[in-house]
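Chemist: Sequence:
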Amino acid sequence: MKAEIHALLQQALKALGNDGILEAGAELNIPVERGRDDSHGDFASPVALALARSARCNPRQLAEQMVERLPDSPLIEKTEIAGPGFINFTIRDSAYQMLVSEILKADEHYGSSKLGAEQRLQVEFVSANPTGPLHVGHGRGAAYGAVVANLLRATGHKVECEYYVNDAGRQMDILAASVWLRYLQGCGETLPFPSNGYRGAYIQTIADELRSKHGEEFRLPANTVVENLPPDEADGGDKELYIDSVIERARTLLGERRYRLIHGHVLAALVEEIRCDLLDFGIGFEHWYSERSLMDSGSVTTVIERLREAGHLYEREGALWFRSTEFDDKKDRVVVRENGQTTYFASDIAYHLDKFERGFTRVINVWGADHHGYVPRVRAALQALQEDPARLDVLLVQFANLYRGGEKVAMSTRSGDFVTLRQLREEVGRDAARFFYVMRKSDQHLDFDLDLAKAESNDNPVYYIQYAHARIASVMRQTEEKGFRWRPADSTEVTGELGEDHELVLLRRLSRYPEIVEAAALAYEPHQLAYYLRELANDFHTYYNAHIFLVAEAPLRNARLGLINATRIVLRNGLALLGVSAPDTM
RNA sequence: GCGCCCGUAGCUCAGCUGGAUAGAGCAUCGGCCUUCUAAGCCGGCGGUCGCAGGUUCGAGUCCUGCCGGGCGCGCCA
265 MKAEIHALLQ QALKALGNDG ILEAGAELNI PVERGRDDSH GDFASPVALA LARSARCNPR
325 QLAEQMVERL PDSPLIEKTE IAGPGFINFT IRDSAYQMLV SEILKADEHY GSSKLGAEQR
385 LQVEFVSANP TGPLHVGHGR GAAYGAVVAN LLRATGHKVE CEYYVNDAGR QMDILAASVW
445 LRYLQGCGET LPFPSNGYRG AYIQTIADEL RSKHGEEFRL PANTVVENLP PDEADGGDKE
505 LYIDSVIERA RTLLGERRYR LIHGHVLAAL VEEIRCDLLD FGIGFEHWYS ERSLMDSGSV
565 TTVIERLREA GHLYEREGAL WFRSTEFDDK KDRVVVRENG QTTYFASDIA YHLDKFERGF
625 TRVINVWGAD HHGYVPRVRA ALQALQEDPA RLDVLLVQFA NLYRGGEKVA MSTRSGDFVT
685 LRQLREEVGR DAARFFYVMR KSDQHLDFDL DLAKAESNDN PVYYIQYAHA RIASVMRQTE
745 EKGFRWRPAD STEVTGELGE DHELVLLRRL SRYPEIVEAA ALAYEPHQLA YYLRELANDF
805 HTYYNAHIFL VAEAPLRNAR LGLINATRIV LRNGLALLGV SAPDTM
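Heads up, the first sequence is in this note's numbering, so the first residue is 265 and it goes up one at a time.
To be clear, the hints were calculated from the coordinates, so they are not data collected in a lab.
Treat the hints with caution; some may be incorrect.
Stated by the list, open to error - Straight line, CA to CA, 27 angstroms or less: simulated BS3-like cross-link-like pairs of lysine-lysine: (1) Lys422 / Lys266; (2) Lys746 / Lys369; (3) Lys378 / Lys266; (4) Lys672 / Lys746; (5) Lys369 / Lys266; (6) Lys705 / Lys672; (7) Lys278 / Lys342; (8) Lys278 / Lys266; (9) Lys342 / Lys266; (10) Lys718 / Lys705; (11) Lys705 / Lys378; (12) Lys422 / Lys746; (13) Lys378 / Lys422; (14) Lys705 / Lys746; (15) Lys266 / Lys705.
Work out the full structure: start from the sequences and follow the hints.
Modeler: Right, dumping it as structure tokens:
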């Protein structure tokens with residue numbers, strides 16, 4: 265509908281140009297809005313206000329001249345000029361009534377568009393280090409990224425979801441060492457556990473698996489493991505130095521082959537756990553991209569070489585630096601450390617170059633807001649490599665805090681004292697978790713109220729929306745029980761019966777759905793859809809309370825059943841985009 | 001100190017590329033079940049849009065400066 269209004273205005277503008285009232289060719293995007301107030305009609309355009317200045321004329325007068333030149337349309341009941349020069353459009357009831365058949369026919373496709381023209385996009389999200397199970401902090405990025413991907417698919421983009429696995433860093437070594445030490449303890453060796461090691465219960469689980477699979481293949485006497493190590497923090501030493509020595513010791517004693525076996529086992533176990541957690545959360549990825557593979561394939565050294573040849577690198581204090589300040593970064597960044605190892609940033613340059621070379625029109629990264637300082641250097645690197653940084657969108661997601669009984673739930677990763685995504689899902693359910701994560705704008709801190717998410721009451725927005733869907737399903741069951749029969753085709757000829765205010769309000773809301781999906785997708789803002797669904801559910805509940813659907817007169821009954829089934833379709837489609845189920849009973 | 005995000009009703013938050021009288025949920029107060037699920041509906045109360053300037057026909061929205069909160073400023077990932 266909005267698009268049609270837009271087209272009408274465009275033709276009027278063109279006519280004005282032809283008549284010499286406006287300068288032709290002044291192509292501007294014509295603003296069309298939904299009327300905020302009923303008295304303003306259904307759509308409004310301030311286009312005359314915007315043009316009045318350059319045309320040096322009275323905006324109301326200009327609006328009048330535009331209205332005179334608007335082509336006829338079956339959509340339009342009337343046009344009015346109001347206020348300083350708004351053009352208000354009132355849509356015919358019949359146009360809304362016809363929407364019922366349109367929605368019933370389009371069914372699961374209602375709301376989808378071809379806006380994206382099959383452009384290939386990549387959404388990379390979660391990408392949490394595989395050093396433990398996902399916790400509630402990752403959950404928001406997971407839910408958000410998945411819905412953004414869904415919205416982009418619904419608007420005609422070809423979307424691939426990707427998880428970048430940081431399987432190459434020091435943290436992974438600390439993890440492998442932690443598991444090995446637990447393994448040794450399990451074998452009966454007595455040794456201290458590093459204060460900087462990973463302590464979660466899952467470490468023990470993986471160590472036990474390792475032992476049942478490999479027996480005592482990795483067992484070594486405790487004294488050879490700990491002898492001559494520097495003091496740990498508990499003994500007045502440095503915990504970082506200590507843990508690095510433990511890792512070094514593990515590599516030496518085990519040999520590279522056995523060390524890699526353990527490392528690989530730990531990595532596989534954790535990635536698998538993460539994959540399952542996400543799957544249970546309704547989120548799947550097309551690709552799991554390994555950082556290590558970038559190093560093994562030589563991509564990292566190749567990209568460093570490219571930067572060097574292009575003159576963007578220099579040496580200082582034994583390290584190799586990328587001159588990112590040349591591209592608006594605040595300081596230059598190290599790509600190769602003094603010890604010869606490449607940095608995480610170096611991997612990331614290779615990774616982003618690879619993404620670009622895979623041919624995506626746009627590459628979208630969903631990152632935690634704590635990484636915002638990292639964005640400029642990635643863009644800088646892409647520019648240095650002659651790539652267009654505008655193809656990269658970085659979406660920053662603020663943190664989520666859990667509240668239980670009005671109290672903030674404290675969490676810290678290293679100590680193993682955190683609420684996992686799995687625990688959250690088991691506590692509040694997948695639907696509530698998914699909905700709560702995306703109901704706030706992503707750049708807003710999220711207060712996640714566990715008690716509210718669990719509440720089976722009208723306070724809980726998830727149930728409120730799902731209840732609307734279940735009620736409609738219930739009415740359809742009643743239809744059969746009362747001996748009526750309804751098929752979508754039964755509504756087509758009778759939608760003219762839908763004249764009640766509540767019905768027209770509901771129809772207007774349904775007509776907005778495609779616009780909401782489009783706006784939410786283009787702005788990467790799932791919360792817009794969440795709000796819309798709440799409002800739609802409200803309109804339905806109001807209608808439900810005001811009118812009986814299963815009346816004796818068949819035309820009216822069939823018209824109403826058509827309307828509520830159209831409502832059901834939109835509720836179901838919208839919830840599906842959010843990753844929330846649409847139950848038939850509650 | 002510098003950079004990014006945020007500041008809207010008692011609380012949690014919307015407010016579409018600047019548009020008409022700033023909205024919703026919760027809380028609170030009061031109504032509605034012999035009728036398709038009351039997990040629902042209707043109404044009341046509640047605001048100097050952090051503060052001060054500026055831009056213009058028009059500012060919660062854009063610009064500048066303050067005040068307040070969060071995050072980031074590693075040869076960690």
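Chemist: Within a Cα-Cα threshold of 27 angstroms, do Lys278 and Lys266 meet the stated pairing?
Modeler: 18 angstroms, holds
Chemist: Is the straight-line distance between the alpha-carbon of Lys672 and that of Lys746 27 angstroms or less?
Modeler: With Cα atoms ~51 angstroms apart, Lys672 and Lys746 exceed 27 angstroms; violated.
Chemist: Holds or violated: are the alpha carbons of Lys378 and Lys266 at most 27 angstroms from each other?
Modeler: 16 angstroms, holds
Chemist: Is Lys705 close enough to Lys378, meaning Cα to Cα at most 27 angstroms?
Modeler: 25 angstroms, holds
Chemist: Would the hint linking Lys718 and Lys705 be met if the CA-CA limit is 27 angstroms?
Modeler: Within the cut-off at roughly 21 angstroms; holds.
Chemist: Would the pair Lys422 and Lys266 pass a check requiring their Cα atoms to be no farther apart than 27 angstroms?
Modeler: 25 angstroms, holds
Chemist: Lys278 and Lys342: Cα distance at most 27 angstroms?
Modeler: 21 angstroms, holds
Chemist: Verify the proposed pairing of Lys705 with Lys672, using a straight-line Cα cut of 27 angstroms.
Modeler: Holds, because 20 angstroms separates the two Cα atoms, which is no more than 27 angstroms.
Chemist: Does Lys266 lie within 27 angstroms of Lys369 when you go C-alpha to C-alpha?
Modeler: With Cα atoms ~20 angstroms apart, Lys369 and Lys266 stay inside 27 angstroms; holds.
Chemist: Quick one, are Lys266 and Lys705 close enough, alpha carbons at most 27 angstroms?
Modeler: 25 angstroms, holds
Chemist: Straight-line Cα separation of Lys422 and Lys746 no greater than 27 angstroms?
Modeler: 45 angstroms, violated
Chemist: Does the structure keep Lys342 and Lys266 at a Cα separation of 27 angstroms or less?
Modeler: 15 angstroms, holds
In this structure, the earlier hints numbered 4, 12, 14 are contradicted, and the remaining ones agree with it.
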